[in-house]
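Each protein sequence line maps, in turn, to chains A and B.
Here my numbering is used: the first residue of the first sequence is 1, the next is one more, and so on.
Here my numbering is used: the first residue of the second sequence is 1, the next is one more, and so on.
These are computed hints drawn from the structure, not numbers from a lab.
Values in this document were obtained by computation on a predicted structure and should not be read as measured data.
Beta carbons are placed, not taken as given, at the ideal position from N, Cα and C, and that holds for glycine.
Among the hints, erroneous ones may be present.
[Said to hold, decoys possible] Okay, derived cross-link-like pairs now, DSS-like style, lysine-lysine, Cα gap no bigger than 25 angstroms in a straight line:
no. : chain 1 : residue 1 : chain 2 : residue 2
1   : B       : Lys-380   : A       : Lys-85
2   : B       : Lys-356   : A       : Lys-81
3   : A       : Lys-81    : B       : Lys-274
4   : B       : Lys-274   : A       : Lys-85
5   : A       : Lys-230   : A       : Lys-265
6   : A       : Lys-85    : B       : Lys-377
[As the list claims (entries may be wrong)] A few chain B residues that don't get close to chain A, going by computed Cβ distances all over 12 angstroms:
no. : residue
7   : Asp-104
8   : Leu-272
9   : Arg-288
10  : Val-340
11  : Tyr-343
[To be verified] Some chain A residues flagged as far from chain B (calculated, every beta-carbon gap over 10 angstroms):
no. : residue
12  : Glu-15
13  : Pro-55
14  : Tyr-88
15  : Ser-125
16  : Gly-247
17  : Gly-258
18  : Lys-265
19  : Asp-288
20  : Asp-296
21  : Arg-344
22  : Glu-429
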Amino acid sequence: MTAPCSPATTIIGLEVHVQLLTETKIFCGCLNRFNPEEPNVQTCPVCLGLPGALPVMNRRALELAIRAGLALSGTIAGTTKWDRKQYYYPDLPKAYQISQFDLPFCDGGWMDVDDADDGDETQASRIRLIRVHLEEDAGKNLHDETQRGRDSRIDLNRAGTPLLEIVSEPDLRSAAQSRRYLEEMRLLMVYLGVSDCNMQEGSLRCDANINLELVNDDGVAIRTPIVEIKNLNSFRGVEAALEYEIGRQRQEFAECGGVYADSEKQTRGWDADRGVTFAQRGKEDAADYRYFPDPDLVPVQIAAEWIEELRTGLCELPAARRQRLVDDLKLSRYDASVIIDQGRDLADYFEAVAQRCGDPKRAANWVTQDVLRELNDRGQAIGDFAIDADGLAAILARIASGDLTTRSAREVFTALLDDDPEGEQVTVEARIDEIISDRGLATIADSGALEPLIDAVIERNPQAAADFRGGKQAAIGKLIGEVMREAKGADPQSVRAALIERLSS
Amino acid sequence: MATALESSATLLDQLTDGQTTSLRLTQDCLDRIAAHDTAIGAFLHVDSEPALAAAAAIDRRREAGEPLGLLAGLPVAVKDVLATRGQPTTCASRMLQGWVPPYDAHVVERLRRADAVLIGKTNMDEFAMGSTTENSAFGPTRTPWRLDCAAGGSSGGSAAAVAAGMAPLAVGSDTGGSIRQPASFCGVVGLKPTYGRVSRYGLVAFASSLDQVGPFSGDVRGAALLLEVLADHDPRDATCADEPVPAYRDQLERPLDALRVGICRDHFTEGLDKDVDEAVEAAIDVYRRLGAEIHDIQLPHARFAVACYYLVAPSEASSNLARYDGVHYGARSDDYDGLVDMYCRSRGEAFGAEVKRRIMLGTYALSAGYYDAFYLKAQKVRRLIQQDYQQAFTSVDVIASPVAPTPAIPLGSLVSDPLQMYLADTYTISANLAGLPGLSLPAGFSDDGRPIGLQLLAPPFQESRLLQAAAMHERETQWHLRRPPLAEDSS
Ligand SMILES: [Zn+2]
Chain A
1 MTAPCSPATT IIGLEVHVQL LTETKIFCGC LNRFNPEEPN VQTCPVCLGL
51 PGALPVMNRR ALELAIRAGL ALSGTIAGTT KWDRKQYYYP DLPKAYQISQ
101 FDLPFCDGGW MDVDDADDGD ETQASRIRLI RVHLEEDAGK NLHDETQRGR
151 DSRIDLNRAG TPLLEIVSEP DLRSAAQSRR YLEEMRLLMV YLGVSDCNMQ
201 EGSLRCDANI NLELVNDDGV AIRTPIVEIK NLNSFRGVEA ALEYEIGRQR
251 QEFAECGGVY ADSEKQTRGW DADRGVTFAQ RGKEDAADYR YFPDPDLVPV
301 QIAAEWIEEL RTGLCELPAA RRQRLVDDLK LSRYDASVII DQGRDLADYF
351 EAVAQRCGDP KRAANWVTQD VLRELNDRGQ AIGDFAIDAD GLAAILARIA
401 SGDLTTRSAR EVFTALLDDD PEGEQVTVEA RIDEIISDRG LATIADSGAL
451 EPLIDAVIER NPQAAADFRG GKQAAIGKLI GEVMREAKGA DPQSVRAALI
501 ERLSS
Chain B
1 MATALESSAT LLDQLTDGQT TSLRLTQDCL DRIAAHDTAI GAFLHVDSEP
51 ALAAAAAIDR RREAGEPLGL LAGLPVAVKD VLATRGQPTT CASRMLQGWV
101 PPYDAHVVER LRRADAVLIG KTNMDEFAMG STTENSAFGP TRTPWRLDCA
151 AGGSSGGSAA AVAAGMAPLA VGSDTGGSIR QPASFCGVVG LKPTYGRVSR
201 YGLVAFASSL DQVGPFSGDV RGAALLLEVL ADHDPRDATC ADEPVPAYRD
251 QLERPLDALR VGICRDHFTE GLDKDVDEAV EAAIDVYRRL GAEIHDIQLP
301 HARFAVACYY LVAPSEASSN LARYDGVHYG ARSDDYDGLV DMYCRSRGEA
351 FGAEVKRRIM LGTYALSAGY YDAFYLKAQK VRRLIQQDYQ QAFTSVDVIA
401 SPVAPTPAIP LGSLVSDPLQ MYLADTYTIS ANLAGLPGLS LPAGFSDDGR
451 PIGLQLLAPP FQESRLLQAA AMHERETQWH LRRPPLAEDS S
């Protein structure tokens, strides 16, 4: 007895497109900026594909691409070249895209993706890459959405934007893992400063190839035909489209029993509104791109010294940094991931705070909870945050030294956040002192200052005092709470000690 | 009176010492165009008013004692394959009829800066594909020597314009002989520079790895002068060489000592017209008399050149011409149903037969399953041809040969036989495949009065040597002083 359509293996490979953050386009001097409001202003004869215009490679685009290739552990080619990929589409003014066919600038490589997103026992999967190559982006067709047959329009501002294509092996095994791969890719590219990976603006896009290996009624493992889902432009979209496609392929398999009339690769689109993939074109239009070396561009020699220089100049990569936070700063894997996944600026902020306050664990708690909550509430980036690393480190240092309770520290934190940024400029230390003294938050550690308060509280709560004296340890909690409310800067440990001493006397 | 029939050097002298003005010279060219171009068909666009205005402005600057550029008011005709800001650039195709580029080709910028007077755009085979200018969508160009014969091509208009005195200098482009062959048919000097010597920026591409811009002139000195203006390192063309540009004219009078002239005997076999054979042999005798050594050389792969060329060039052309899709500029069919139909009809209606033929050849050669056997193999053969020349130039300084198997051919004689038309490129295309500089210079006439050219080839970036060798022949023969009867009539 075999289970029909028993779940077996999901096989996914992603082609990720990343727009590079160059000043100018890849083959001309036009500005490389997202600018949908003013169509066709960032254009010239070259990116308009006018007769006679010629491309010249932007070396900066290659530099960013090599940095990305190195960060992905790929092998950078000593010689690379440009090829024409030919197809007709209105957003492609030359009717060919300058791309790289058989000699991409980067071969192989890999990226590790954590298998689960919590716990310290996380395992990582290594997703191998086939290649990384560089190409020019196309323009954008603006279709009339009213369906009233009006003309479509074309915006070529985007035409010629440098675009990195990162092609993975079919090593991904689930929709969720594919999403994590894409998230990790985005993080890496942003860390490297090679792209802003702004998915709304299309600077990170992805095509997914997916099929399943399923077992038929006779126990024979059969692979479903590969489906390429084009133009996924959100993390949720990638995951949802792949989940949908897994279900669809399984269903189709159940219906046909693994006997396909057509086993050719199929291209499907993703309709995010309806949450379905849909057939885009059949194999009868299967494109022959007629690749050939672009005679307008010369082969590119990449000097080994240059590669080494770029390799040396790479920043610490997110995966390594995450590991260091765990190994050296003794953070939990979860905290380390939360910090690293927020991007380089937040990680830098955290490390500065950790180093200056001397307590990475406390710094991690504050950054992952208080700071992130405030950033989310305010819709701010860490760079715009009112409390800089020195400020937070100063607050945390005072907790460590016993000058502030955690609760009072939160009040100082909130007060600093509410400070008028245009207000009088004083050092953060001075400002913290000010807040502490204004609000009476200084820790009252000496029992002399506490004594009158303790006496008054005991007097007001005779029952609780009697219960404690009678052996009910828990009764002291109520008394501590009251003292603490009265003495803002009091340290709960000192209060407890003083109360016990008083009640025991 | 100074006319554009004079040499450019003479005209520059006359302009300098005030015997003539740029305005008068320009007007003389315009008059000749008005008188003869209906018959010849050299121009697709005559830019009369702007040319006269530019000439007058240059004259004023000369009077004011301002320094002028190298061309200092000489009219120059430009092949309609080069982008000219504000002037139509059609490539003699309905596809680009009415298209006015928003930018100047690099060489057009250079011409303007050198104070050339851009007099108009010259006729050509559509997108430079052809050898007679009969593939122009706007009518053929006839050689001023014989109005029933073709001016050659594809730069037939530029060659004819110089021969007829409609401009003392003209610019053409050469992908497989398109400067040298019409120069031969029209009895003028034409030079195809080394690939990379002149920027291709703004040269509407036919076959990018073969195309090169070059000068036409009535004499060698004029070609040297115009090449000095055109040649330049242009960072906008990645294939443009960063090589210093010699002052070509300074070397001209100096004969080359112990010149070694290479002859490939395979060039003088069946299919070569008797008059051409005799003229070329006579030219070689001239060099022999001047003390040159004549050496036989071997070019073992030359016999594959036509086949190789007609794979490489159409392949690149099929890609370069894909952009003419009716979407962004150029012709769009009036009547279509949907996007694909718009592509098909626009291209089907606006391209001529030869362009379509080459697009189909090239598309086929680049198709999956055929690429290795055609395009890739052609590239290998191309390297072998290059090596043949490298080898040959170890023992000779220049290689002499016919330019074309015949003098100017009667209009219509080959239009229905494209293969014969392609085979007639046999002497010129190797220079493009190997990237070498080549020059065609007047070397006599057929019995019935059609001009015959001699081709000289030199190693890469040896344009100076080529011009010096040509000047040696020119001084001895003076063929270049003959003018077509038609042109003399109106002076
Ligand atoms: Zn541009």
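Do the hints match the structure? See the list:
A threshold of 25 angstroms between alpha carbons decides the hint, and for Lys-380 (chain B) with Lys-85 (chain A) the separation of about 22 angstroms falls inside it, so the pair holds. Simply put, Lys-356 (chain B) and Lys-81 (chain A) have alpha-carbon atoms about 29 angstroms apart, too far for the 25 angstroms limit, and the pair is violated. At most 25 angstroms may separate the alpha-carbon atoms for a hinted pair to count; Lys-81 (chain A) and Lys-274 (chain B) exceed this at roughly 48 angstroms. For the given pair, Lys-274 (chain B) sits about 48 angstroms from Lys-85 (chain A) by alpha-carbon distance, which is inconsistent with the 25 angstroms threshold.
The hinted pair formed by Lys-230 (chain A) and Lys-265 (chain A) meets the criterion: a straight-line CA distance of about 13 angstroms does not exceed 25 angstroms. Restraint check for Lys-85 (chain A) and Lys-377 (chain B): satisfied, since their Cα atoms lie roughly 20 angstroms apart, inside the 25 angstroms limit. Non-interface status of Asp-104 (chain B) relative to chain A is broken: a Cβ of that chain comes within 12 angstroms, the nearest being about 10 angstroms off. Its beta-carbon lying about 32 angstroms from the closest one in chain A, Leu-272 (chain B) satisfies the requirement of being farther than 12 angstroms from that chain.
With 12 angstroms as the threshold on Cβ separation, the claim that Arg-288 (chain B) sits away from chain A holds: the shortest Cβ distance comes to roughly 40 angstroms. In this structure Val-340 (chain B) is not separated from chain A by more than 12 angstroms, as the shortest Cβ-Cβ distance comes to only about 8 angstroms. Remark: the non-interface label on Tyr-343 (chain B) conflicts with the geometry, its nearest Cβ contact in chain A lying 6 angstroms away (cut-off 12 angstroms). No Cβ of chain B comes within 10 angstroms of the Cβ of Glu-15 (chain A); the nearest lies about 20 angstroms off, and the non-interface call holds.
Distance check on Pro-55 (chain A): its Cβ comes as close as 7 angstroms (rounded) to a Cβ of chain B, failing to clear the 10 angstroms threshold; non-interface status is violated. Non-interface call for Tyr-88 (chain A) relative to chain B: violated, since the shortest CB-CB distance, roughly 6 angstroms, does not exceed 10 angstroms. Separation of Ser-125 (chain A) from chain B is adequate, the least Cβ-Cβ distance of about 35 angstroms exceeding the 10 angstroms criterion. The beta carbon of Gly-247 (chain A) is kept farther than 10 angstroms from every beta carbon of chain B, the shortest such distance being approximately 33 angstroms.
Chain B leaves Gly-258 (chain A) outside its interface by the beta-carbon criterion, the shortest separation being 30 angstroms against a cut-off of 10 angstroms. Distance check for Lys-265 (chain A) against chain B: the nearest CB is about 15 angstroms away, which clears 10 angstroms, and the non-interface claim stands. Not every CB of chain B is more than 10 angstroms from the CB of Asp-288 (chain A) (nearest about 5 angstroms), against its label as outside the interface. The beta carbon of Asp-296 (chain A) is not kept farther than 10 angstroms from every beta carbon of chain B, the shortest such distance being approximately 5 angstroms.
Remark: the non-interface label on Arg-344 (chain A) is consistent with the geometry, its nearest Cβ contact in chain B lying 35 angstroms away (cut-off 10 angstroms). At the 10 angstroms boundary, the C-beta of Glu-429 (chain A) stays outside the reach of chain B, the nearest C-beta of that chain being 55 angstroms off.
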